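*Asks:* This is what each chain is made of:
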Amino acid sequence: MLRLEARRHDSTLMALVSPLIATALTLVAGSILFSLLGHSPGRALYTFFIAPLSDLYGWTELGVKVAPLMLCAAGLNMCYQAKVWNIGAEGQLVIGALAGGYVGLMFPDTQTHWMLVPVLGFGILGGMAWAGLAAWLKTRFNTNEILTTIMMNYIALYGLLYAVHGPLKDPNGYNFPESAQFSEFVTLPVLFPDYRINISILFGLFALAASWIVLNRTLPGFQMRVLGQDQSAAAFAGFNQNRIVWSVMLVSGGLAGLAGICEVAGSIGQLVPQISPGYGYTAIIVVFLGRMSPIGIFFASILLGITYLGGEMVQMNFNLPKSITGLFQGMLLFFLLASDILIHYRILPANRASRVHS
Amino acid sequence: MDIDLVQNILYASVRNGTPLLLVALGEMVCEKSGVLNLGQEGMMLIGAVIGFMVAVSTGSLGLGILAAICAGALSAALFGFLTLTLLTNQVATGLALTIFGTGLSAFMGTGYIGKTLVGLQPVNIPYLMDIPVIGKAVFAQDLLVYLSVVIFLLIIWLFSRSRYGLVIRAVGENPEAAHAVGLPVLKTRYLAVLFGGGMAGLAGAYLSIAYTPLWSEGMTSGKGWIALALVVFASWKAERIILGAYLFGFASILHLIMQGSGYDLSPNILSMLPYVATIAVLIIMSRKQTMTRWLAPKSLGESYRPQS
Amino acid sequence: MKISFSSLLCFILLSSAGAFAEPLKVGFVYLSPAQDAGWTYAHEKARLYVEKELGDKIQTTFIENVNEGSDAERVIHKLASSGYSLIFTTSFGFMNPTFKVAQRFKNIKFEHATGYKTASNMGVYNARPYQGRYLTGLIAGKMTRTNVVGYIATFPIPEVIRGINAFTKGLKETNPDAVVKVVWISSWYDPAKERVAAETLILQGADILSTHADSPTTVQTAEAKGVYAFGYHSDMSKYGKHAQLTAVVHNWGQLYLNEVKSVLNNTWKPENLWYGLKEGVTQLSAFNKAVPKEVQDLVNTRKEQIIKGEKRVFDGPVYNQAGELVVKKDNTISDSDLLTMNWYIQGIEGTLPGH
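Residue numbers (our numbering), protein chains in the order written: chain W, 26 to 383; chain L, 255 to 562; chain A, 43 to 397.
Bear in mind the hints are in silico, worked out from the structure with no lab data behind them.
Note that the coordinates shown come from a computational prediction; the quantities given were computed from them, not determined experimentally.
Label-pair distances were calculated between CB atoms; the ranges are:
no., chain 1, residue 1, chain 2, residue 2, range
1, W, ARG242, L, PRO560, 33 to 41 Å
2, W, LEU78, A, ASN308, 32 to 40 Å
3, W, PHE324, L, LEU317, 44 to 52 Å
4, L, ILE379, A, ASN373, 57 to 65 Å
5, W, LEU244, L, ALA534, 35 to 43 Å
C-beta atoms are modelled at their ideal positions from N, C-alpha and C, and glycine is treated no differently.
Looking at chain W on its own, in the form it has when it is part of the complex (with noise of 0.2 Å):
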């Protein structure tokens, strides 16, 4: 048998490493699936995680992909660095889709791109009121964040439904619940002609940058990871507690508004019942897949964005579900929590002494 011995340190060494275990088992994992199913291991794995980037475009659907991904988890882990909770940014992305999308409908004539600055300040005000709404019922009434913001984002889809049935839908476009398309000036600029990729993915990685410097240089950045790590250490140095919890709750909401608003004003082009395929979920892995520091999230979320990406792909080659993708997500964050046990721990071989206790 095998024990467990407390590190005196953490490693930084596994931390670093136990990522690229859990990613390395989940392919083991996948080539197992893939030789029951029938399928060549080999040739599935390519058409999974490389065929996607094969051409130029690939590459740049994956940077659509990889933006909202980015511009959640940089919010979602201030929040759990302060172990704030947030499991909301599916709603907060939504809300922000939906007040953003409204201010761009609002104003079909005007001519300028500048228009483009309220449409995404009203994104991302609209994830921060749907974030703070979640903030103050924690602060005020102390209710599990959990458990608030996984009910706000039902009710959010809900909301994005009634708009695009009611009040938002297209006065020509009969009478489907589709908004009307927005025009060139509140559409965001691409990077390439042809390609769908744009501005938001600079968005993301100013946005993983910025939390780098903000949680590494700043003091509220250390707050939180105090507050995160022990609660009543960071009570008796004085730090505001319900302070940081409206912080990174503003924070990550509106960083998901902003990646809300950018899909819509971006690669949709339109206000549609379904704005995302679980970015808001999804994100929450790529925050605990990138050890909860931002470099590690932008590795990270290109992972989880060729999923997606590969999971299409072995639909459209094998046949296979597309559903495929989430089982690959699921099996990485579970691979990865077992690894990071090589953080904390040292695994060695059991001596009969130590256990006699138990």
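Got chain W; can you put chains L and A on it based on the hints?
*Replies:* What follows is chains L and A alone, placed relative to chain W:
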């Protein structure tokens, strides 16, 4: 409103509340032992898909239900291994279980979409079902509904009359002290987690075998999360859980009843109702910070590492 | 390793593009799982039909569960860039993504279901299930005992509203006292909610149910509760042998076969097809034994009249909910008005959401 309608609404509320009751009871026992398992939604889905697959391929509903319980317990065992043995963070692991369960169930169920089976039939209890108003609601349900009530009574007994209830509570309140007096902390927690998983699997089977004899991706639509809120709402008391579950069962059909009765609210707004109700209930139950702190198992969500 | 995989891939590509006559690659994009027994399943059946008819002249694939957000455009783009020369996108939400991709791949043909945008390489097609709904309404009027008929609706879009109105039109024709109770479930596919909605309607007195949702839950529930129901999308009698009186089904097979053949023969052109009972895209499945002979005869007579063009579903007089005459006698509702229909006719309980 006529008496028939009231009776039918009660009947439907109990039916709708039953999956919530099953999950919430399981999670309550789990939380009493100090373990917070946020993977309910994932375990329910795994239970639902496995139960349905087994029931369809063997033609036996009983086997399907049994398989669902095992599948739920097995996924809970995975959670237990990670959180109890490998000491991973319970919140993160629970979320992982939900994400994994959603993906895995969708993947496994692909070939079973559109398949059907004859679901669990109601079992009328003679004489009792003729009691006015509540007769039909309580005594004309299917076996799983009766089973859920039996489990409820067993849990009441467990925590009021039995030694095991005390052990679970002791382990959840203060694992170090429990260990010091020789109680098997890890074993108790493992069993509680497995019980919770089995119950979630059973709830999943209730959905896919009794309630809508069908499998569809994500068919739990947040019921696992609502059950988690229900445990807080009930302040870890089984008798409040059963009340809350049926109340939520009512809340989730209320908007459809209102529509049929001619209320003019947007159906999308009305569909928010169960989720809004959950938040409202959380606010009411949590607003006195000291009270929830006092009611919740003290070591809830904290890893326990046996001292060696 | 990597090299060997890509060479393997090259080999596959080369061998498929070899000396033999290249099969036409046809792609299908589905919103929901292919086997859902509902809307998508009808398209999937048609895909298999075309494959069977044309054998090795074509090669088909499908992508299911495609999100209508930003994923749709990439999936369609991916098909277009992987050599698929005819692409069917089978849900309304794919309209703008299909249109965008069609602009970039001018030599590839696109067919989009239920939308309104066309291009030089993009046609649209739709069915007229409301004609079948009207016929089921006739049956419901004859067979209801409680004079309350339940209708499980999804989202208030013209397609769904047309169905409710046509059903009510038929119901009122055979039973002026009967009313339709509508419950909106805000989802295309949610068995649990469909179940509750069906039970709710039954407990409010409905003894016949009609549904627009994709799952067979309504028919199942009717079977369990001992009431009647009409299936939709596909024949759902296996879910309710006693309960299903008949089903309004889509049969896209012939339409798809024609489209694929016209591409094979280089005669394809973008069209706006709206096919119904006459072309066989909308059909009724076999009657349940419980439907009396004279009711079957009435339905068949009306069906023939519609097929021959002697009758249209919304022939006047048609009154709206407020009791105002909207369509005079000897008039009817034009196709373009049907496409945007967003009002209830007389005989439906409750108000249309958003009005």
